[in-house]
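Asker: Sequence:
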Amino acid sequence: MSGWKIRGYCLCVLVLSLAITGIAPMPFSSVASVSAEPMVLYDLGNWTYVSKPVLPVRINASQIPIGEDWTYVYPLVADSAYRVYCYGDWIDYSSDTNKTDYDIFVYNPEGELESYHTESAGLPEHLGTTVDHPFFIPQKSGNYSFRIKNDARESNGTGAATFMLIEHVETGRWYSRYMEGKVDDEPVEKTTWAYEFNASSSPIEVFVDVPETIDMYEARIYVMTNPKEEENLLNGVPLPWEEGLYGNTSKIYGGYNLDSEGFRNIEAIASCEYPGEDMLINFTAPVEGNLLYHLVFIAEHGNGTINFMVKTDFDAPELTLVDPVERMNPNNQTSISALIEEQWVLEEVTLNYTTDDWGTSAALPMSESEEQTYNATIPGQPAGTTVNYTVLARDTSGNSAQVFGSYEVKNWANLTLGVVNATVYYGQNITVTGSLPAGETNVTLTYALLNSSTVNATVLEAVMSNDTLLNQTANGTVVSRLVSTDASGNFMDSNSFNKTGRWFVWADWNGSTTYFPASSSYLNFTVNKRYVTLFCNVTSNTVTIGENVTVVGQVTPREANLTVFVEFIGSNSTGKRAVPTYANGTFVVSWKPDMLGLWQINAYIAEDESRNAAYSNSLAFTVNDTFLNQYLFIIIGVVGGVAGVVVVFFIIRRRREE
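Under the numbering used here, the first residue of the sequence shown is numbered 367, with each subsequent residue one higher.
Just so you know, the hints here were simulated from the structure itself, not pulled from any lab data. Worth double-checking, as some hints may not be accurate.
What the hints assert, rightly or not - Calculated lysine-lysine pairs in the DSS-like style (CA-CA distance at most 25 Å, straight line):
#, residue 1, residue 2
1, K506, K594
2, K617, K418
3, K506, K548
4, K942, K958
5, K594, K617
6, K556, K418
7, K556, K594
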């Protein structure tokens, strides 16, 4: 049979079929437009060409007898996602045996069998790329054929059905569609187009970017499924209410059509007043749940490509810098990392940086190194540079967030510090030396009395909580001194301290335009109490009662106004005197003992904050009675003896005279 005869035969069959099945376009374009053009190069039997995948095809009861088939051909675009389903009266989940069993075979543009779907009688076929995938994604662009066969072995019916193929769009992604306005007030093929999407969140926004070359009549969305109805999911995506596909409405559901005069929800539309005016639909569904929507575009005048996006995500990405650097050496590259949490899809992650406070800037794309972590590298910069940067993350819904950071580029400074003497005595100077790689600048030396074996943050915080002023002390335990470096960066400081114990010293430098601030290590030294020697002597080893005893002495090292305590200890009496030293360290003290006998003298200097206690050599002296008191009995005896002799003499003489 010649090609023209085949074409003529097919055309006659198609016209007859259209007359029988009623697939001709309905008012308001609620049924797919069909064509009898031989758009395929292989034998399909009974077939219908549908020029664009936007409207349902009704399969009437008995249209496909048992053992027969009908093929529907659609022009599809590679890598686009299409929702394909066949449902209606023939779906039957009951135990009735008189069920219809429609099997569906899918052929690619070369006529090769791409997949086949043979669920048991009464059950819907899963027409995704795989049986567990909700969408069919063609690998090639061209005419795909969907052959619906009423299985001769398993089917016992010829139930009515609706076959639907429509492009599915993901929320949060931009899509494009070329549109053409009406010609002589009549729509052409590309005057209308439609898509489906599903969303569980609300509100929904549809952004439509309209070029100046076209005036859009309207953009609409229709709620197509009731989430409360059972068995309305196929591979996790809702199925529409069947009658709603044909323009019928029930409360908020259905009404789907592509006619400019057809039904639309006034709260779910947007329109252009002039060519190039962008459109926005902002719609909040009155019910909750996983809803299926149909999105319709109708052009008015002109032509052009519109860009559109369905937005359900209104949350900006969450950004956190990962271990941000604050300091970097000159000419070293700097890696910037950011942790980005986004529940949908990131469209762009960019690092912008500037070295002149945003007078100029550069942009670097950030790449994902591991899950949710993005990286970029800023080139090395010269010393003295401050780098400010931002990490900008934008998702496909247009939500964006940014985080700021900065770091300085300078040289590291080695601040050395040394203590000349690790141990000094009270009043002696401690000498500290150090160096920097920068001359003629100021260094702060901090001396702190800690009496601790180590220095840590807790100890320093407690000590430095006192208000410390330069060259002054806080409670005598912290001293801060400002010293200057010479041209070579060397410095020295000598200072004495009025507290004994274990001291720590460290140096801090504020840095410069090319050097970072620096701190030295912590060094320690000890300020000990001074040792004093005490020597004394008594001017006389014996004194007469009533006379003063004098003690003289000297302290070494010599010091004026040092208090010396002198104790006088007798057998039944004691005395104590405090005497200051003279400038040459000598002292003199006199004391009058109040009893006779041997006395002991002890001299000492008491311990205080600056010196240890000192004790003299032990001395002794004797206190004698006065001369009269010492020889009174002898004199009395002598006088008595003389008197006795005289008396005897006179007695004897008298006797002789008698």
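Asker: Work down the list of hints and note, for each, if the structure agrees.
Answerer: Verification of the hints:
1. K506 x K594: 38 Å, violated
2. K617 x K418: Violated, at about 29 Å.
3. K506 x K548: Distance ~31 Å between K506 and K548 Cα, so the pair is violated.
4. K942 x K958: OK: K942 and K958 at ~11 Å, within 25 Å.
5. K594 x K617: Given that 25 Å is the threshold and the Cα spacing comes to 14 Å, the pair holds.
6. K556 x K418: Answer holds: K556 to K418 is near 9 Å, not above 25 Å.
7. K556 x K594: Roughly 35 Å separates the two Cα atoms, so the pair is violated.
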